[in-house]
Every structure is written in structure tokens, then in C-alpha cells.
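**Q** Kindly produce the complete structure, drawing on both the sequences and the hints.
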Amino acid sequence: MTLRAAVLMLLIATIAVSTAFAAAGLTLHDCIDKALTNHPALRAAQEGINAGKGRVTQAGSPYLPQVQASTGYAENRSLGGALGESATKSYTTTLSVNQVIYDFGKTGGGLDAARSGVQSAEWDADRVKQEVVLNVKQAYYALLQANKLLTVAQQTLDQTDGHLRQAEAFFRAGSKPRFDVTRAEVDVNTARLGLINAKNDVRLRTIALYNAMGIDPAGDIAIEDIFIQPAAVSSLDQVQREALEGRSDLLKTAADIHAAQARIRAAESNYLPTLSANGSYNWAHGTTETTLPAGSGLGELHGDIRNSWNAGVLLSMPLFEGGLTKGKVSEARANLRALEAQRDGLRQSILLEVNQAYADLDNAAARISVMESSRLKAKENLDLAEGRYQAGVGPSLEVTDAQVAYIRAETDHVQALYDYQLAASRLMKAMGRAER
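Converting from the sequence shown to the numbering used here requires adding 6 to each position, the first position being numbered 1.
It is worth saying that the hints were derived from the structure and are not from the lab.
Bear in mind the structure is a predicted one, so any value in this text is a computation, not a measurement.
Just so you know, nobody snuck in bad clues.
Under the rule of at most 30 Å between Cα atoms (straight-line distance), these lysine-lysine pairs were calculated in the DSS-like manner:
no.: 1; residue 1: K59; residue 2: K334
no.: 2; residue 1: K59; residue 2: K40
no.: 3; residue 1: K182; residue 2: K383
no.: 4; residue 1: K334; residue 2: K112
no.: 5; residue 1: K59; residue 2: K112
no.: 6; residue 1: K40; residue 2: K135
no.: 7; residue 1: K383; residue 2: K205
no.: 8; residue 1: K205; residue 2: K40
no.: 9; residue 1: K182; residue 2: K385
no.: 10; residue 1: K59; residue 2: K135
no.: 11; residue 1: K332; residue 2: K112
no.: 12; residue 1: K205; residue 2: K385
**A** Written out as C-alpha cells, the structure reads:
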């Protein structure tokens, strides 16, 4: 039987310590659902996607006609001169249309980059979701750990109280010295301090869970005990393969690289001409009055301003831009190389993260079996020490030492359970999963 199988059997067979925070409380799924509904980071990530979709609309706009309308009134007067004085008054309304026919990939490259930007934002939102889920799990397990340690602290106080009463009874009977009573009183005070600290830790962990869910603190939280639930984990090779195929941040980098390649194509298209068509129609109403010089015998001339239109095709070609396009292309290529380097570095970081989480999971699994055995032995030693003391054949110091050893064993066992679940959660996140 493998170590992992043995640990899983031990976890399934473990009888959980009953607490007031059990079955009626929130499950881990409940807390994650609340976080996915309320957490501000997820709302911000969604707005990032919406902004990317807006950039797609902007990038694709050159494919559609650009229509403009204008209207206005103008008055122009010319004083003196060989032709005399003239005055023009006009009301003009103009409707113009411009359409790019072909720009050799400039618009297409920009649109591809914008679409890849949306994919990048979607993968980034998925990464944020996985981080939110992991943070909720961490806070949930930390609160569960604090609850269990609070139970241990209460049990310790009950044990020390019982030992104090026994020492006082022996002292009154004259069979034990005053030292046993004072030592037991010190143990009781130490246990009370431990209980105070445990309650405070529960309160802090509760606030942390509220924060992880993205909601304001609102009193205590009753949660379900899930420390005994084993984690299903594949082999290391399969875990690494899944991480490299499904990690959101790696897929986001791939989308960023595709966007950078599209920006290079868009920048290079600035070397090429742009073919466009344009046209306009002017609705005009007005008059022109010209007063000819005296002696010409013609007096005044009057004329009306008429409607007009124009249309044409334009081919524009950049001849010299002072290196502007060359600089843009160089920048775009450098950005692409930087993203490719980031992808390679991220791949290495992912493999490191996966291996660390996997090793932590194995370590925690091994510690669980050891700590379970130590806990049982420490409880047996405590029972023997208390029995010997109650029988009047054991010293008080033996009971105190056994209580300290039992508390340490209980704490280490709870810590091992917490570390196991936390390592499993981190491994799931390292694999790119946001499991609930």
C-alpha cells in the first residue's frame, strides 16, 4: 500500500472533532459562490473584458463608411476694388461620406490585435477567478483550523481545571504539597490565556473569510468541517502537463503574443498605400450682390447660390515620414520578443509552482499519519499521568508535561490537516483549475 493510499484511508477513517461550527453552517462551495458573486476583483476583470470589446468595435470601424454632416451660415463682404463692392450670404448643409477601399492590412491587423486583446482579458479574468477561489479556500481552511484549535484550547482549560480541583483536594487531605496547587493554578491561567488567544484568532480568521468573499464582516460564520476529505491528485507528470495546457496566465500570454504579431502587421502596412473613396453633397441657399463702380452703367448684379456635389477616389502613399513607420515596426517587434521571453519565464515558474505544491502535498500527507500516531500516544500518556496522579502515585509535574505534549500533538495534527488541504488547493490552482 502506498503512502498516499494509506493517508487517504486514514483521513476517511478519522473521526472529526465535533464543533459548534459544523453541519448547519456554510460549506466551502457556499463561500466560493458568494465570492464569485460579490468580489470586486471579478467585477473589475469583467469590465476589462467589456473595455476590450469596445476596442474591437473601434478597430473594425474603418471597414464601415464614415458619414459626416454639417450645417452653417456664412456672410462675406468685399469692399472696393475694380469690380466694386460685393456681399455674399449663404446657408449651407453638407453630407459627406468616406470609405476605405483597401489599406493593405492596416485595419485587419488592428482588428486582430483587438480581438486577441479580448481573449487576453478573458483569460486574465479566469486567472482572477482562480485566485479568488484559492483565497477563499485559504481563509476557509484557516478559520476551520482556528475553530479546531479553539476546541483544543477549551479542552485544555477543562483538563487543567480538573487537575486543579484534584490538587486542591489532595492538599486539603494533606497528601500533596501546596506546590501542586500553585503549579495547577499556573496551568489554568496559561490555558485561559490560550483560550483567549484562540477566540481572538477565530474572530480574525472570520474577518479574513468575509474579506475573501468580498463582503463586509457581519458576525460569526458557522462552517462545515471538511478536513477529513481527501484530495484526488494525479501523477506529477500528468499534473505538469495539465498545468502547461490549462493555466490561464499562460493562455493569456499566448493571446498577447498573437496580438503583438497582429500589431506588427498593422505597423508594416503603413509602408503601403491606402485606397479610399469619398463624396459629398451641399445643400446651399443664399445670394450674392455686387455693386459695380459708378460710371460703368451696370448698377448692381444679383446671383443665387446653388446646390453642388463632388465624388472621387483617392490613392495616398507615404513617401517620407522621418522614420515614423520604421520606429513603430521596430517597437512592435521588440514588444513581441519581450512577450515571448515572458512566456518562457512563466512556463518555468509554473513548473516550479506545480512541483513545490506537489511536494508540499506529499509532505503534509506523510505528516498526517505521523501526527495522528503522536496525538493518540500523547492522549494515552495524558490519561496515564492523570490516572497516576489521581491514584496518588504520580507527581503533578508529570501531568503538566503530559498536558503540554498533548496540546502540542493536537496542534501539530490540526496543522498537518490544514497544510494538506491548503497544499491540495494550491496544487489545483497551479494546474489551472478553479475547482469548488
